[in-house]
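In terms of UniProt numbering, the sequence shown opens at residue 1 and continues consecutively.
These aren't lab readings, by the way, just hints derived from the structure by calculation. One thing to keep in mind: the hints can contain errors.
[Stated by the list, open to error] DSSO-like mimics (lysine-lysine), calculated; alpha carbons at most 27 Å apart, straight line: (1) LYS62 / LYS34; (2) LYS21 / LYS11; (3) LYS124 / LYS60; (4) LYS34 / LYS60.
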Amino acid sequence: MPPEGIPLQPKSELLTRQEIKHLASLFVQAGVEKIRLTGGEPLLRHDVVDIVSDMSQLLKQKQQQPNSNSSPSLPHVGMTTNAITLPRFLPDLVDAGLTHVNISLDTLNADRFQQLTRRPGLSKVLRALELASNMSSHLQVKLNCVVMRDFNVDELVDFCNLTLEYPNLDVRFIEWMPFADNGWNT
């Protein structure tokens with residue numbers, strides 16, 4: 001995150017719950033079977049639990065329609081989050097139909113976490129990871145780690161070892177994408 005932070009979009013520029021539901025219904029009618037809430041931080045929305053419920057219901061309705069080619073499995077409703085506030089919402093999100101959560105975490109070191117995010121909070125994310133992993137009978141949990149040279153390469157084994165503590169956890173290493181002024185210094 002840049003030192004000056006990231007400006008939030010004015011509420012008037014965000015899609016409303018009804019607009020999200022309408023768009024999702026069009027996607028589901030067109031054959032989409034998986035819905036993932038991402039972008040910015042979904043948990044900043046006051047209506048995120050209701051949105052998850054809406055998405056789950058749309059997918060369930062599609063599966064119940066005659067002549068539906070949808071797979072008979074549970075609806076796939078996912079979310080990508082930094083997980084800072086996930087513990088507060090997690091039980092309600094799962095009850096609403098959340099089936100998959102991707103937690104973005106690029107370091108297991110508290111100082112590096114604060115350097116990267118400009119705020120403390122690693123312990124909150126690790127608590128969210130623990131809570132989500134304990135719900136693995138209802139929730140698929142993945143941890144996304146962006147690998148960054150000279151920042152977290154020395155932690156990759158530690159990330160892999162998380163799967164020993166949480167056997168149902170998938171850890172994914174994501175390539176860092178240089179752009180504009182953040183390119184590799186080689």
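Status of the hints after comparison with the structure:
The hinted pair formed by LYS62 and LYS34 meets the criterion: a straight-line CA distance of about 12 Å does not exceed 27 Å. Distance restraint check for LYS21 and LYS11: the Cα-Cα separation of roughly 17 Å lies within the 27 Å cut-off, and the hinted pair is therefore satisfied. Pair hint LYS124 plus LYS60 does not hold up; C-alpha atoms about 32 Å apart against a cutoff of 27 Å. A C-alpha spacing of about 11 Å is found between LYS34 and LYS60, which places the hinted pair at or below 27 Å, so the restraint holds.
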